[in-house]
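Q: Now for the letters of each chain:
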Amino acid sequence: MDQFINQPVSFAEEERPWRPPSLRKVGMLCLITTETALFSIFVVAYLFYMGKSLNGPYPHEILAFPWSGSIALIGSSFTLHAAEWFLKKGNRAMFHLWWFITIAMGAYFLYFTGHEWYEFIYHHHLTISTNVFGSTFYSLVGLHASHVVVGLILLSIILISSLRGKLHHDHHEHVEMIGWYWHFVDAVWIVVLTVVYILSAHY
Amino acid sequence: MAHGSSTTPEDDFVITPTRPGEEKGSWSSVIQDLLFTVDHKKLGLMYIGSGLIFFVIAGLMAAAIRLQLAIPNAHFLEPDVFNRFFTMHGTAMVFLVGMPIIFGMANYLVPLMVGARDMAFPRLNAFGFWMFFFSAWFLYFSYFAGPGLYNAGSAPDVGWFAYSPLTSKAFSRGHSSDYWTLALLASGVGSIATAINIIVTTISLRCKGMTLGRMPLFVWTFLVVAFLVIIAIPPLSACQIMLLLDRYLGAKFFDTQAGGSAVLWQHFFWIFGHPEVYILILPGFAAMNEIVPVFSRKPIFGYPIMVGANVMIAFISLGVWAHHMFTVGMTSLGNSFFAISTMLVAVPTGIKIFNWIGTMYGGKIRFELPMLFCIAFLFQFLIAGLTGVMLSVAPFDWQLSDSYFVVAHFHYVLIGGLLFTIFATIYFWYPKCFGRMLSHKLGMWHFWLFTIGFHVTFFPQHISGFLGMPRRIYTYEAGRGWEIWNMMSSLGVILQAAGILIFVWNLIYSYRKGKIAGDDPWDAWTLEWATTSPPPDYNFEKTPEVRSRRPLWDLKHPDDPDWKYE
Ligand code: HEM
Ligand SMILES: [Cu+2]
Chain A
1 MDQFINQPVS FAEEERPWRP PSLRKVGMLC LITTETALFS IFVVAYLFYM GKSLNGPYPH
61 EILAFPWSGS IALIGSSFTL HAAEWFLKKG NRAMFHLWWF ITIAMGAYFL YFTGHEWYEF
121 IYHHHLTIST NVFGSTFYSL VGLHASHVVV GLILLSIILI SSLRGKLHHD HHEHVEMIGW
181 YWHFVDAVWI VVLTVVYILS AHY
Chain B
1 MAHGSSTTPE DDFVITPTRP GEEKGSWSSV IQDLLFTVDH KKLGLMYIGS GLIFFVIAGL
61 MAAAIRLQLA IPNAHFLEPD VFNRFFTMHG TAMVFLVGMP IIFGMANYLV PLMVGARDMA
121 FPRLNAFGFW MFFFSAWFLY FSYFAGPGLY NAGSAPDVGW FAYSPLTSKA FSRGHSSDYW
181 TLALLASGVG SIATAINIIV TTISLRCKGM TLGRMPLFVW TFLVVAFLVI IAIPPLSACQ
241 IMLLLDRYLG AKFFDTQAGG SAVLWQHFFW IFGHPEVYIL ILPGFAAMNE IVPVFSRKPI
301 FGYPIMVGAN VMIAFISLGV WAHHMFTVGM TSLGNSFFAI STMLVAVPTG IKIFNWIGTM
361 YGGKIRFELP MLFCIAFLFQ FLIAGLTGVM LSVAPFDWQL SDSYFVVAHF HYVLIGGLLF
421 TIFATIYFWY PKCFGRMLSH KLGMWHFWLF TIGFHVTFFP QHISGFLGMP RRIYTYEAGR
481 GWEIWNMMSS LGVILQAAGI LIFVWNLIYS YRKGKIAGDD PWDAWTLEWA TTSPPPDYNF
541 EKTPEVRSRR PLWDLKHPDD PDWKYE
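Top to bottom, those sequences are chains A and B.
Counting in my numbering, the first sequence runs without a single skipped number right up to 203 at its last residue.
Counting in my numbering, the second sequence runs without a single skipped number right up to 566 at its last residue.
I should point out that these hints are in silico values taken from the structure, not numbers from a laboratory.
Only a predicted model underlies this, so the values are computations on that prediction, with no experimental measurement involved.
Errors might be hidden in some of the hints.
[Claimed, not checked] Keeping only pairs whose Cα atoms sit at most 30 Å apart, straight-line, the calculated DSS-like set for lysine-lysine is:
hint, chain 1, residue 1, chain 2, residue 2
1, B, K542, A, K25
2, A, K25, B, K513
3, B, K208, B, K513
4, A, K25, A, K88
5, B, K542, B, K208
6, B, K515, B, K364
7, B, K42, B, K513
8, A, K166, A, K89
9, A, K52, B, K169
10, B, K169, A, K25
Put together the whole structure using the sequences plus the hints.
A: Have a look at this one:
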């Protein structure tokens with residue numbers, strides 16, 4: 001009957017407990033995949049239009065390497081990690097402290113970006129409609145910044161519910177997933193940094 | 001379960017008696033129920049039901065187009081109304097008919113097939129449906145905007161791929177392009193939500209014993225489809241965001257006067273658009289994978305190879321987008337790369353066709369309606385594949401691009417492939433959803449009228465394409481040798497429409513009067529047939545446990561179960 005499939009084999013496999021991967025982890029990985037696809041297109045658009053602006057301001061005239069913002073954002077991945085470590089240890093106070101520092105560093109990054117945009121718009125007269133550099137720059141960096149905003153909201157929700165005593169053991173996976181999201185936002189920044197502030201800096 | 005334990009697979013299922021036509025509530029309670037439901041089965045049917053409604057609307061537009069093209073120099077449709085009709089027809093068929101119906105199939109069947117009680121995130125699931133539903137009506141609402149219905153409103157008129165710079169502020173005044181962009185952006189968000197739900201459901205909610213190697217091929221195929229959705233839709237969303245920025249904030253992405261590029265739109269659009277074609281056709285394969293074995297009374301031939309072929313098709317489909325752009329003028333290296341990578345898709349597709357034929361070969365074939373539609377699919381999809389390989393030869397495409405040959409090719413894919421398997425799916429699983437069989441006699445009328453009508457409509461278009469008839473022209477001069485083929489095409493539509501009318505009548509009629517189906521009318525093998533028809537809210541009284549690819553075979557043949565050989 002079944003000559004096409006199924007070699008006779010043993011039942012050994014049935015003895016293992018049945019534990020498919022967790023819902024939230026798979027869901028978050030999918031979300032990250034789809035976000036990666038979204039960012040890739042904006043990155044490709046940026047690369048494609050590098051050096052194709054017909055009028056200034058050009059990247060090399062105005063871009064300054066965003067040291068402090070980048071250090072804050074990349075550093076926040078480490079402080080987040082520290083917070084999670086304390087949460088696992090059961091040390092709520094330290095968890096709150098490090099989690100708060102993470103939020104503060106993310107918020108500083110946002111402030112930094114806002115300040116940079118302000119400079120570009122009011123002092124260098126670069127807007128989204130000035131040239132293709134403006135279009136690609138603001139859309140890519142803006143898309144990333146909007147993800148930072150979402151991340152900050154999620155991080156704050158965790159902090160507030162934990163402070164109000166509403167964060168329980170079965171929420172550890174929620175915390176972990178928000179951590180994954182934050183690390184992803186961070187990784188995207190490293191790509192943006194490379195593409196925008198390093199590769200296109202002399203165009 | 002330990003080896004040698006005395007439990008038999010029978011203990012794993014509880015088959016409760018069928019109860020079709022349970023007492024029906026009042027209209028308002030039904031509507032409330034539909035509005036607030038998070039049940040995957042209801043959402044699945046809502047997807048399919050709304051998809052069929054949009055199918056009729058988009059089909060009427062196609063009929064109007066064909067009426068206009070039936071004779072030379074016709075004046076039935078104004079040129080700009082014609083543009084709106086073919087754009088809305090194409091857009092609706094892809095996004096409001098194809099996508100929702102395949103999501104409906106997945107929604108209804110995937111949880112049942114993997115032995116789960118619902119999708120992984122039921123509320124997200126409802127969110128996905130309503131996003132689609134509202135964006136669809138938003139798109140149609142454009143008919144009432146601008147110059148109103150008589151001049152067909154400010155409905156999108158730039159073709160379903162909305163090429164730049166047609167969509168720029170200068171060429172697309174008013175809001176037609178904004179309707180197109182915003183509607184599809186919103187429905188894209190819903191599609192991604194639903195696709196993530198499908199992936200998580202298949203990976204995390206499989207019942208005990210359902211290893212990846214035992215998952216029904218239907219579920220496997222939808223897993224691949226869902227991955228394609230989450231990878232392919234974001235590029236569309238990205239270029240729509242760019243288009244909105246161009247139109248509202250004066251960004252320069254697609255503004256060729258300011259260093260922007262119109263070709264970039266084409267690249268981004270087709271990076272989405274080509275995989276989209278596979279998002280639409282793989283569900284057809286999924287249905288074939290379940291229906292052909294059941295009606296051949298043989299397990300599918302070459303299960304692991306079928307899985308591999310799906311993955312390979314999906315993978316290749318992500319790398320061939322520019323075969324839609326041979327006439328743009330790429331480098332010859334680019335042309336060669338995309339021509340060859342396109343031809344490569346023929347390999348896994350050929351494997352699949354070979355394996356379906358292998359499944360039928362030597363089987364006891366029952367020519368029930370689902371099987372008839374599947375056999376027609378096989379034949380038509382073969383033709384579509386052959387014309388597709390022809391078009392992938394770049395110089396050949398230079399001759400036939402944007403001619404009716406292309407229209408014939410993609411309708412053989414989308415109707416001959418997708419739509420026929422949607423019909424097969426509905427005939428096969430309707431009894432599960434409603435507890436009653438669809439009428440065989442009406443179904444035969446539907447099958448023959450529609451099949452013949454389809455070939456009469458679209459086969460001649462290969463010829464008018466060869467004779468040089470461009471697509472998207474609203475009328476043409478007499479005396480070019482196109483008249484007879486266009487007349488045939490238009491007459492075929494009458495047969496198709498008659499078939500669809502009978503089909504819709506069958507759906508309504510059989511809901512009340514159809515033969516009671518029972519739990520497993522086709523003597524099938526996958527888990528959904530182990531519960532009642534229609535299934536209860538919680539799907540299974542006891543979560544099933546499986547030990548082979550054909551759990552119901554094991555159940556029915558305790559003397560010779562599949563798992564003995566695994
Ligand atoms: C059922 C009968 C159908 C008929 C008679 C029909 C007829 C037509 C006609 C006459 C055109 C216009 C060709 C042109 O001038 O460019 C067209 C375009 C198109 N059709 Fe259909 N069609 C049918 C079903 C479908 C289905 C089921 C799908 C997809 C699932 C589909 C997808 C498309 C697309 C994507 C276009 C291109 C629109 C554009 O150029 O922007 N059609 N169809
Ligand atoms: Cu393609």
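Q: Look at each hint and say if it fits the structure.
A: Against the structure, the hints:
no.: 1; hint: B/K542 with A/K25; result: 26 Å, holds
no.: 2; hint: A/K25 with B/K513; result: 47 Å, violated
no.: 3; hint: B/K208 with B/K513; result: 38 Å, violated
no.: 4; hint: A/K25 with A/K88; result: 18 Å, holds
no.: 5; hint: B/K542 with B/K208; result: 12 Å, holds
no.: 6; hint: B/K515 with B/K364; result: 24 Å, holds
no.: 7; hint: B/K42 with B/K513; result: 21 Å, holds
no.: 8; hint: A/K166 with A/K89; result: 18 Å, holds
no.: 9; hint: A/K52 with B/K169; result: 22 Å, holds
no.: 10; hint: B/K169 with A/K25; result: 43 Å, violated
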